[in-house]
Amino acid sequence: GENVEQHPSTLSVQEGDSAVIKCTYSDSASNYFPWYKQELGKRPQLIIDIRSNVGEKKDQRIAVTLNKTAKHFSLHITETQPEDSAVYFCAASISGNNRLAFGKGNQVVVIP
Amino acid sequence: ETGVTQTPRHLVMGMTNKKSLKCEQHLGHNAMYWYKQSAKKPLELMFVYNFKEQTENNSVPSRFSPECPNSSHLFLHLHTLQPEDSALYLCASSQFGGPYEQYFGPGTRLTVT
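Chains as they are written, first to last, in our numbering: chain A, 2 to 113; chain B, 2 to 114.
A portion of the hints provided could be inaccurate.
Claimed, not checked - Using 20 angstroms as the maximum straight-line C-alpha spacing, the simulated SDA-like pairs for lysine to any residue come out as follows:
no. : chain 1 : residue 1 : chain 2 : residue 2
1   : B       : LYS37     : A       : LYS69
2   : A       : LYS69     : B       : TYR101
3   : B       : LYS19     : A       : ILE49
4   : A       : LYS43     : B       : ASN71
5   : A       : LYS43     : B       : GLU45
Unchecked claim - Pair by pair, the computed Cβ-Cβ distance ranges are:
no. : chain 1 : residue 1 : chain 2 : residue 2 : range
6   : A       : SER96     : B       : THR6      : 25 to 35 angstroms
7   : B       : LYS42     : A       : GLY56     : 37 to 47 angstroms
8   : B       : GLU68     : A       : GLU80     : 21 to 31 angstroms
9   : A       : LYS23     : B       : GLU45     : 15 to 25 angstroms
10  : B       : SER60     : A       : GLN61     : 21 to 31 angstroms
11  : A       : GLY97     : B       : MET16     : 34 to 44 angstroms
12  : A       : SER53     : B       : GLU45     : 42 to 52 angstroms
The set of hints was computed from the structure by calculation and includes no laboratory data.
Remember, predicted model here, so these are calculated numbers, not experimental data.
All C-beta atoms in this analysis are idealised placements derived from N, C-alpha and C, irrespective of residue type, glycine included.
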């Protein structure tokens, strides 16, 4: 089955710097890769997603890049702000069924 | 954010109790999901309903019983739970089912004593 790994598990950045979280997956037929942000005590929130026919997608300060050959995709947050502090989950679609396989999450801490 | 709502937000129940979790989506979606979120573990899919029909049951114990009376409402009936069932139970919905663009509710924090 699909195996999704996230690195690093915890990331601390100074406010204003960039943060990058990498996710690897095992199923070469996966075609959909969302990123969710979950603040403490709140719901996971879909912040950006990418499909396998696209290499990069950007939405204001966040972007996602996909490398299908290497089977990894990354979340890039620029000009980080304290409100970016949260746990970020990546996921990959599982070929052959309608499920998402989630990673364990990355804790991002933005230091003011 | 009121697209997907869940009640109750917190629930404490004994192992012999019967309780139900409720989810409602106001997004006009056709698919609804139950997930379990435990500390330090990836989200676990439990059930999927597409147009009110259950399409996925991810080997969930029978002490968890889902019900989907219509595309806007989803219930999770609980009975004779175990302490290891304590977790955050999240409901999600999407337009057409499948893995795409799932939107989550705030969850029910369940504690089994």
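Going through the hints against the structure:
| no. | hint | result |
| --- | --- | --- |
| 1 | LYS37(B) - LYS69(A) | violated, 29 angstroms |
| 2 | LYS69(A) - TYR101(B) | holds, 18 angstroms |
| 3 | LYS19(B) - ILE49(A) | violated, 38 angstroms |
| 4 | LYS43(A) - ASN71(B) | violated, 26 angstroms |
| 5 | LYS43(A) - GLU45(B) | holds, 17 angstroms |
| 6 | SER96(A) - THR6(B): 25 to 35 angstroms | holds, 32 angstroms |
| 7 | LYS42(B) - GLY56(A): 37 to 47 angstroms | violated, 31 angstroms |
| 8 | GLU68(B) - GLU80(A): 21 to 31 angstroms | violated, 46 angstroms |
| 9 | LYS23(A) - GLU45(B): 15 to 25 angstroms | holds, 23 angstroms |
| 10 | SER60(B) - GLN61(A): 21 to 31 angstroms | violated, 40 angstroms |
| 11 | GLY97(A) - MET16(B): 34 to 44 angstroms | holds, 37 angstroms |
| 12 | SER53(A) - GLU45(B): 42 to 52 angstroms | violated, 24 angstroms |
Hint check: violations occur at hints 1, 3, 4, 7, 8, 10 and 12; the rest are consistent with the structure.
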